[in-house]
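Trainee: Need the complex rebuilt from these two chains, each delivered in its own frame; the hints are there to steer you.
Chains as they are written, first to last, in the working numbering: chain A, 1 to 335; chain B, 1 to 91.
Wrong hints could be hidden among the right ones.
[As the list claims (entries may be wrong)] Computed beta-carbon distance windows for the label pairs:
| # | chain 1 | residue 1 | chain 2 | residue 2 | range |
| --- | --- | --- | --- | --- | --- |
| 1 | B | L91 | A | K152 | 26 to 34 Å |
| 2 | A | R98 | B | S63 | 34 to 42 Å |
| 3 | A | D103 | B | S63 | 23 to 31 Å |
[Stated by the list, open to error] As a list, the in silico BS3-like pairs of lysine-lysine whose alpha-carbon atoms are at most 30 Å apart:
| # | chain 1 | residue 1 | chain 2 | residue 2 |
| --- | --- | --- | --- | --- |
| 4 | B | K42 | A | K316 |
| 5 | A | K317 | A | K205 |
| 6 | A | K275 | B | K42 |
| 7 | A | K317 | B | K42 |
| 8 | A | K139 | A | K120 |
| 9 | A | K275 | A | K45 |
| 10 | A | K80 | B | K42 |
| 11 | A | K80 | B | K78 |
| 12 | A | K240 | A | K199 |
| 13 | A | K199 | B | K64 |
| 14 | A | K185 | B | K78 |
| 15 | B | K78 | A | K199 |
| 16 | A | K205 | A | K80 |
| 17 | A | K152 | A | K139 |
| 18 | B | K78 | A | K120 |
| 19 | B | K64 | A | K205 |
| 20 | B | K82 | A | K139 |
| 21 | A | K199 | B | K42 |
| 22 | A | K240 | A | K120 |
| 23 | A | K89 | B | K42 |
| 24 | A | K240 | B | K82 |
Hints listed in this document are in silico derivations from the structure and should not be mistaken for laboratory results.
Predicted model, so just to flag it, every value in this text is computed and none were measured.
From the three backbone atoms N, C-alpha and C, an ideal C-beta is built for every residue, glycine too.
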Amino acid sequence: MKKILFCLVLLTQTALANFSELDAYLFDQSAKYQTDSVLLWEDGKIIYEKYAHGFNPDQPHLLWSATKSVAATLIALAIKDNQLNLTDKAGKFYPPLRRAQADTISIQHLLNMSSGLEWKETYENDPWTSDVISMLYWKGYQDMAAYTASKKVVHAPGSFFYYSSGETNLLMAVLQGALGADLYKRYPWTHLFEPLGIKSATWEKDSTGNFVGSSYLYLTPRDFLKIGQLYLQNGAWEGKQVLPKDWVKFSTTPAAAAQDESYGAHWYMNTILPKTGQRPYPHAPEDVFLALGHHGQMLFVMPSQKRIFVRFGADKKGSISHDMIFKLIMSGGAK
Amino acid sequence: MKEKIILLSTLIFGSCDFPQVVSNSFTKEFCSCYFVVGQSEKYCYDYALQSLQISSYEIHRESKTITASGYGFSSEAKFLSKEEGCRITNL
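Bound-form chain B, shown alone (with noise of 0.2 Å):
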């Protein structure tokens, strides 16, 4: 109820491409979560899903990249270097 709301508004009051926002926050926090902090791969999905689900998401371990999809868009965000961490690096 409360995902169909929040969306129902964003129609109604945010821009057609708000929602990947949902992929964006959950692509960073999940990758500096996992990649930075070091925790584990459940601990990163919880911390890093906020009130709307992602309909997948990959985690990229040789190139330190993390993928995700929701609501019709995708995004990666990749862990850099230990000092820089992890940035969206949608094409």
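Looking at chain A on its own, in the form it has when it is part of the complex (with noise of 0.2 Å):
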């Protein structure tokens, strides 16, 4: 204990020594955000880690809409398993979609956030015409998927992107249809969690059973950077190919649809959008990919620099900049 508790103190000691612009700006008391714990690793090992506000290493954190990444990751993982393909109708494997036009929406349709249902992704700054809210909180916490499935098609499946969390939900009861309710209760952690390592993972469901997948995931710090390991490690973890072996590549290529936003298969990358011809985040590297949530909570993988940053925060009273974290990051350290 002693010994964990002495390594605890030098982290934050080299984190002072060689991120103490980072550092200051996190856990600026005076900022109107909330930085509950933040790491950082290079290329193998964490080279800064704080907590505040009551969080230890222990203690898992909602990673709100950064959960997206993950269920994605189910996804694939389900692909490799010849369980479906990115090509397959989402109706196959959950009959509401197979109606007049929701009936072409595919698997990949709804990785890349475009298939086209009617949707509004506001949170509390517009509560009583939200989709999110009346999904999670309202008409659709029992049943997600189907309140999504619900929605009218508005867009030719593929033609138009929208960020939906709805859509996220109706990929996790797609993965419900195609693994059977058995395999799909425990998958998370058969497939992923337990082979990664992850201890921390609390996973919420609706009523009918279905990962929350848009919203509901908890992990410490230390088990979501496993994700981003295993994504900036294309996919294999100990010498074994986990994900299929395009599935990082597929990840960060912009959706089709999307004009003006940098975002892939439930990731969001930092390419020049088509629209402004600017990168989202000046100062991150190009090829840079991000699992953000809502208030705050951010996973940056940074393949050229072999670095993986996890902050987890309660941002209710304003926004931190994710530009600005990135030019601290990359100004400070020994690279």
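Mentor: Right, here's the structure in full:
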């Protein structure tokens, strides 16, 4: 125990020596955002780690929408197991989508947020017409996939990008249909968490037993780091190819219909936006990709730097700048 | 003031039971914060509260449930297990 405490103190000191500006920014007492925990990993070791507001290394934190990137990883695992394909129609495994127009929605369309289903992704600032609020807490909380599937198809599937939490929960229902309820029940644990040594996971389900893939996964920062490592290693873990070989490339390729967001298959990237000609994060490397969630949850995978950054927060009153974090990560440390 | 605007908008644009969102979201997020994350009651209260207030809440430690009421509605969320976390369990 003493050894662990000593290591923690040492880590914090290292942090202050190398990443004092990043530390000052993340834990700025006068800022409206609130950092609960943070870690930075580089080429095999954690080089900066800190916990605040009562959190410790063993406590899981809600990922909010960063859950989506892990949910997509479950689809990758099922593809590796030959349970489904990207080009399969979602209705093949989820009967409510076997209706006119919706029957052409494919698994890839859902991963790319391009189903064409009507949706409004707003939160506290516009609660009364928000489909997310309605899905999580009102009309849809018992069966989130059914809530989403009941929406009108307002664009031809594949032709229009709109970030929708409902689409991830549809994907989870598709996965349940493909795997069967028994295998599905603990699939994240048997196929992802246990092989990676992730022990802190809680993944909440709706009343139908469907994982809330859009929002409700809890992990410690060190366990979330492992998801980043899996992607940094191109889907390989301890010498074994866990994800399909081309999965990371596919995940980080912009969705064909995305014009004003750099978004792939449930991951954000830093590619040049077709509409503006600019990158979303000017201070970040070009090849970085991100899992992001409400209230400032973040995982940055930085392949060229062999760095991974995890930050959990409770930014209810104001948002933190991702680009500023990139700037401070890039200027800190030995590199 | 903000509360009044939201409530008025709810009455104009929403359905009559929309305000149950307030107690549903509070119980669910409080339950997860308290029983899954293991945070303090104060942290979880601040965390679970959205833009609208609730009138009362209670932590039932033995049954691992949270109940809350607000705007004439009551809600309950229950902790099921370490893997499954919490879920809204209104009757």
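Trainee: So which hints don't hold here, by number, going up?
Mentor: 3, 6, 9, 10, 11, 22, 23
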